[in-house]
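Engineer: Chains as they are written, first to last, in our numbering: chain A, 1 to 284; chain B, 285 to 477.
Heads up, a few of these hints could be off.
[What the hints assert, rightly or not] Listed below are the simulated SDA-like cross-link pairs for lysine to any residue, each with C-alpha atoms no more than 25 Å apart in a straight line:
{"hint": "1", "chain 1": "B", "residue 1": "328", "chain 2": "A", "residue 2": "164"}
{"hint": "2", "chain 1": "B", "residue 1": "328", "chain 2": "A", "residue 2": "175"}
{"hint": "3", "chain 1": "B", "residue 1": "347", "chain 2": "A", "residue 2": "164"}
{"hint": "4", "chain 1": "A", "residue 1": "237", "chain 2": "A", "residue 2": "84"}
[As the list claims (entries may be wrong)] Pulled a few chain A residues facing chain B out of the computed Cβ check, cut under 8 Å:
{"hint": "5", "residue": "46"}
{"hint": "6", "residue": "82"}
{"hint": "7", "residue": "85"}
{"hint": "8", "residue": "234"}
Hints listed in this document are in silico derivations from the structure and should not be mistaken for laboratory results. Since this is a predicted model, take the numbers as computed values, not measurements. Glycine included, every Cβ here is placed at the ideal spot set by N, Cα and C.
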Amino acid sequence: MSIPLIPVMPAAKSTLEDIEIQLLLEGIYQYYGFDFRDYALASLKRRVRRIMQSEEVSTISALQDRILHDANCLERFLIGLTVHVTAMFRDPSFFVTFRRRVVPLLRTYPFIRIWHAGCSTGQEVYSMAILLHEEGLYHRCRIYATDMNDYVLQQAKSGIYSLRLMQEYTHLYLRAGGTRSFSEYYTAAYENAIFRSFLKENVVFSQHNLATDNSFNEFNVILCRNVLIYFNSTLQKRVHQLFYDSLCSFGILGLGRQETLKLTPFEQHYEELDRDNRLYRRLH
Amino acid sequence: MAVEAVEIVVIGTSLGGLSALQVILRNLSHQFPAAIAIAQHRHKESNAQLSQFLQQHSSMPIKEAEDKDLLHPGHVYLAPPDYHLLVEPGYLSLSTDEPVSYARPSIDVLFESAADSYHERTVGVLLTGANRDGVQGLARIAAVNGHTIVQDPTTAENATMPQAAIQSIPVDQILPLSDIAPYLTHLCFSVRR
């Protein structure tokens, strides 16, 4: 007989480091309003340790002292804590499936509102704009691209990326079902690729914090890929409630490749449009 | 010798890991009393067939980890390609942070998070590989009084990784590949009733 499905026991006691992290996050929330208290602890710890190295402090308490008394240090902390790695047409099969399964649904709407939550430096926002442009839908779309971090949002808004990345992005674009020459979409200038301005004409970049802010519109599509993995179950639940409340009936939710609605209270409220590519459709 | 029950075994490997993992998983019972999490370096666009392949050699259920999967004893969780796999108390989480030592998944990330979450109830196993990923993680497991096992370099397809670990930290056991599964069984069952 197999062993019953009882999760293995969590570690018994908090270490001093765990306590210091809780105090740090509580302090930042109380004083600055940024709420990291329900972030997934393991990856958060790694990034806090990295910030400690760059700030050259040996304890989290020392880092806390600096952050609470120096807003510049908070800025560096926010950047170090929340900049994630992204790419254009990341997971090409997601975009292939989006074209095949979601685009036909979107054609039925006169006007399409898309929320790209946690857009980071914006590569996936431009990817979606390109896809919608090629499908002849972009002119009736508005993409709301949000991130809690103003620094990455400014980068996203600029639409300027290193030219070195374009070879990889071209490869991903083609595998994502791209039908043109990828270089049509940007101008090379010195070391940079500047994406064409029409790609952001229908994009609204704005600050939004999934941990503390509320819904701001009703959407036909919400994309939030590889963002919720940084949250614990409590915060994931909050955000899923927010997404559910912000989607119209039969609206589409797109998650990251290893993310799932399984075990969330919202599993029953969606149908799987494509299981492998984590595309869900809100029921009624 | 550990006095606490082992809750989690973390295994890290790179070049040559596929056949080494087969040998270990084949020789573990489906009643193995701890959860097993594995970081095997692989190409970021590789597909899910690794878990299907390994499943053929194991009586334990093997899956690619999804975010927030609960850790169950006797179950094997693989780091998905292009994600770091991290151990939290009772469950797993993923991250797309920068590669560590050029690797995502990174063995160091898996090992360090396991040590943070399960302390002395962690066992770290470092197998064949051609780089140094995993050495820091194994050091962290040692630092929290977990148990460290390194594959005997003479039985490794590539000895660089096990050798780096042996040179850097006083590991608890250096074992030939074929002895690792029996030793894990002994270690994980011995403190259980």
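Engineer: Hey, does the residue 234 of chain A contact hint survive, CB to chain B under 8 Å?
Structural biologist: Violated: closest Cβ of chain B sits about 11 Å from residue 234 of chain A, beyond 8 Å.
Engineer: Any CB of chain B closer than 8 Å to the CB of residue 82 of chain A?
Structural biologist: 11 Å, violated
Engineer: Are the Cα positions of residue 328 of chain B and residue 175 of chain A separated by 25 Å at most?
Structural biologist: 15 Å, holds
Engineer: Can you verify the interface hint for residue 46 of chain A: is its Cβ closer than 8 Å to any Cβ in chain B?
Structural biologist: Interface hint status for residue 46 of chain A: holds (7 Å vs cutoff 8 Å).
Engineer: Take a quick look at whether residue 237 of chain A and residue 84 of chain A sit within 25 Å of each other, Cα to Cα.
Structural biologist: 21 Å, holds
Engineer: For the pair supplied as a hint, residue 328 of chain B and residue 164 of chain A, is the alpha-carbon distance within the 25 Å limit?
Structural biologist: 19 Å, holds
Engineer: With a cut-off of 8 Å, does the beta carbon of residue 85 of chain A approach a beta carbon of chain B closely enough for the hint to hold?
Structural biologist: 5 Å, holds
Engineer: Is residue 347 of chain B close enough to residue 164 of chain A, meaning Cα to Cα at most 25 Å?
Structural biologist: It is violated: about 35 Å lies between the C-alpha atoms, which goes past 25 Å.
In terms of the numbered hints stated before, the structure departs from hints 3, 6, 8, listed from lowest to highest.
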